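Trainee: Here is how the chains run, residue by residue.
There are 2 protein chains.
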Amino acid sequence: SASWADDLDQVRTLLQLCLDRHFISPGDTNAELFRRGLSCTYGPLGMELRRNLLGQWWDSVTRSRAQVFGIDTLSNSSSSKDGETDVGGKLRIVQPQYLKQILQHLQQDLSKEQIVQELTTILQKSPAVRTNFLQGALEQFIPSLELVNRKLPFGLAETGLCFQPSDDSCCPTEMTQTSLVWFCSPRTSSQWLDHWTRQRLKWWRKFALSPSNFSSSDVPEEELTGLVSRSVKIIYDFPWGPEPLETLCSRGDAELLQTHKGARSKLQCRNGRKTVPHVVSVTGNMDRGLMAFLSNSLQLLKREDSKRKLQQRKVLKLHPVLAPVKVAIDIGKGATIELRQVCEGLLQEFMEAKISTWPGYLETMPVTMEQLNNKYDEMGVLFTLVISDNTLESGLLQVRSRDTTVKETMHISEVKNFISRYITAADKI
Amino acid sequence: SASWADDLDQVRTLLQLCLDRHFISPGDTNAELFRRGLSCTYGPLGMELRRNLLGQWWDSVTRSRAQVFGIDTLSNSSSSKDGETDVGGKLRIVQPQYLKQILQHLQQDLSKEQIVQELTTILQKSPAVRTNFLQGALEQFIPSLELVNRKLPFGLAETGLCFQPSDDSCCPTEMTQTSLVWFCSPRTSSQWLDHWTRQRLKWWRKFALSPSNFSSSDVPEEELTGLVSRSVKIIYDFPWGPEPLETLCSRGDAELLQTHKGARSKLQCRNGRKTVPHVVSVTGNMDRGLMAFLSNSLQLLKREDSKRKLQQRKVLKLHPVLAPVKVAIDIGKGATIELRQVCEGLLQEFMEAKISTWPGYLETMPVTMEQLNNKYDEMGVLFTLVISDNTLESGLLQVRSRDTTVKETMHISEVKNFISRYITAADKI
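So the protein lines, in turn, are chains B and Z. Counting in this note's numbering, the first sequence runs from 562 upward without gaps. Counting in this note's numbering, the second sequence runs from 562 upward without gaps.
Just chain B, same shape as in the assembly (with noise of 0.2 Å):
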């Protein structure tokens, strides 16, 4: 249909949007990562734009009212100790050094067995990496019981990376993961997944400019995996399809008591009566994350140029706290070195202020103003400064909007305010 080769259109244009402004490097492998949702090369833009929503996605969670404390696990870790015997089952860290060994062994006069056994071995002491944070946050529910008294609830919370085997090809993908594990009393739990639930959906939409793609979906009970009784996954609306940013569920209490090999007495928490909590998980993919605000902010506008020729205006209307850049400072015509030095001084007023700007004025290459707007509406750019002659005389300087594309004059005293408070009233709503 006309509306699914629209959609196509929309991808190539966000994928081509993502290479040329700098969000991904180049690379048919890594365009094709990002757009399922993995992690992959980021350039200077994806990598400030993932920052911003990892600092919100951490922001939202541990300063809510809940008791909610950030930890830091190991990526890898040894399972010999488990006694476990599936070398097969997990991504593992080989040492070079034993891979040496198991080679030259297979070189030297050792029997089949003994070397089958000797591979084994070796695989059973090299690390797994983590494919989640599930596994750290049960193992660091015992220490973290002294913080909150043996109080429910509380959580756990993680983002890093972490890898997943991939069947098509021989390379694991890596993804870049936040978490939140959940303690609280057995008969709350499924309350508390419904309140997680929708704090999350609440999140992800405050961000985007078309809510409506997101939307949270309860897993039926037929697809629920391991010991999770209840689960519930936010998804976004790709053009291609939805997919899961967000799975949350319920997972009763066993995974915890396997953890502490059963030691019932170490994990009671003192709510009314003495119990062994349950746990919600809530782990997200941020690398989709990223794909899904990028695809929700990306609007095609058709206008007409200078020359009075149709053209498509793309500009990527990003939430202003999660821009990666949020001022561009350009100089208009002529650009002598008093220019350049109230460019300087602009840079660094709004470094100071946490402002992340774009010194657009280095740049060398001769542009039209239009050609410019492009560009910074393209990278999501909130506002263009431009410095002219005339703010050396009066002060004045001009500020662009991106989403108005309205062009005001401002002294230069007041622009670093006014963008401040634009950004704190955005990230208030």
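What the hints contain is simulated information worked out from the structure, not anything from laboratory work. Just so we're clear, the structure is a prediction, and the values are computed from it rather than from any experiment. Hints should not be assumed to be uniformly reliable.
Computed, partial: chain B to chain Z, Cβ under 8 Å [what the hints assert, rightly or not]:
(1) Gly604
(2) Arg611
(3) Phe630
(4) Val655
(5) Pro657
(6) Pro704
(7) Asn710
(8) Phe724
(9) Pro733
(10) Glu735
(11) Lys894
(12) Met926
Here chain B is said to cover these stretches of chain Z; the calculated rule only asks that three of the stretch's residues, wherever they fall, bring their Cβ under 8 Å from a Cβ of chain B [stated by the list, open to error]:
(13) 573-587
(14) 599-611
(15) 651-658
(16) 673-681
(17) 704-711
(18) 920-927
Rough simulated footprint, nothing fancy, chain Z against chain B, three-plus residues with beta-carbon under 8 Å [claimed, not checked]:
(19) 578-591
(20) 673-683
(21) 746-759
For each residue, glycine too, the CB sits at the ideal point set by N, CA and C.
Assemble the complex: chain B is given as a structure, and chain Z must be docked to it using the hints.
Mentor: What follows is chain Z alone, placed relative to chain B:
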């Protein structure tokens, strides 16, 4: 000597404090990783401290006057495309299905030569995990050229997890590295090495209680490895001896040329004449950096307790911007619902201002004010607020400073601004 014994005692005290106060998780192996300056499992306070440290590093490098862009590369990369044959030289992530395959084939009727061949192929296909960020940045040099319009100098920054093979155990170690890869004209590379050394040393000392424990030291020529022509280390003088925190290297252009297969024309920049840039790398270990600041900020003070017994007071005088908890809120005698509500209001106010706050009023264990102060001093909490009945009547509360131990009375409406100003002022020094 007595001083050596004192030093060891100080290390023991520090490690115990880090365990007691949730900087690191329990376990001898974990404490040992931590002491060696490697990633370990961090508790909430260690996690927040490292977060603050990485944030400060990032701001100082990317918000300096120099042009620095952040990037984010993949942690594992397939090396098979390079036709690399040394399968024993690198840490690799091996997929479970390949391991199963090897073991199955060993049990079948293949010759040893076939198995050696197969194992070699599989290991070649398995991606190597990064040991540092240098290679990633060198690969991103060409896409970044467009950002700077082929003008030198500029830099690429990245922080995150890197892995190292370890000699003494089966587990590879992991660490949180910071990396700035700086591209400049050949004739300025030595000056830039000096520039970044000064900048980095200044940064480390800015947050130190005893800045003289941080120093820089030239690496003797005979110790230079690979293609490095000059190198400087930023060193911290731990109680057990000096250890490097950050290493700066002048690396020439050979690795950049090698990465891009000698394609000079693609690498040339426009600075006067066309040149292939030289590379200066700045690589830091932020796990060891965290250990350095903890070690540097621990003060052991003798003093008399309320019963006139001589006691050791331990205060973690972390720099205000690094301190993982800025404020603790507690209730004096008689916790009532009204007092709790005041605490919750304050907590919310502080969280919105992004001031990290410890909700001490949730603690239900009866402790004396002295025990509470000791605990918060060991946690490095800057200020403790005590809410009492008096607060309900007059709006006044008590503010105790970690560094002066002085208790001031302040109006509840002023306390947030007081603390914000205090932290901002400390940041500006």
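Trainee: Determine for every hint whether it applies to the structure shown.
Mentor: Structure-based check of each hint:
no.: 1; hint: Gly604; in the structure: holds, 6 Å
no.: 2; hint: Arg611; in the structure: holds, 7 Å
no.: 3; hint: Phe630; in the structure: holds, 4 Å
no.: 4; hint: Val655; in the structure: holds, 5 Å
no.: 5; hint: Pro657; in the structure: holds, 5 Å
no.: 6; hint: Pro704; in the structure: holds, 5 Å
no.: 7; hint: Asn710; in the structure: holds, 6 Å
no.: 8; hint: Phe724; in the structure: holds, 7 Å
no.: 9; hint: Pro733; in the structure: holds, 5 Å
no.: 10; hint: Glu735; in the structure: holds, 6 Å
no.: 11; hint: Lys894; in the structure: violated, 19 Å
no.: 12; hint: Met926; in the structure: holds, 6 Å
no.: 13; hint: 573-587; in the structure: holds (count 3)
no.: 14; hint: 599-611; in the structure: holds (count 10)
no.: 15; hint: 651-658; in the structure: holds (count 8)
no.: 16; hint: 673-681; in the structure: holds (count 5)
no.: 17; hint: 704-711; in the structure: holds (count 6)
no.: 18; hint: 920-927; in the structure: holds (count 5)
no.: 19; hint: 578-591; in the structure: holds (count 3)
no.: 20; hint: 673-683; in the structure: holds (count 5)
no.: 21; hint: 746-759; in the structure: violated (count 0)
Violated hints for the displayed structure, listed by number in ascending order: 11, 21.
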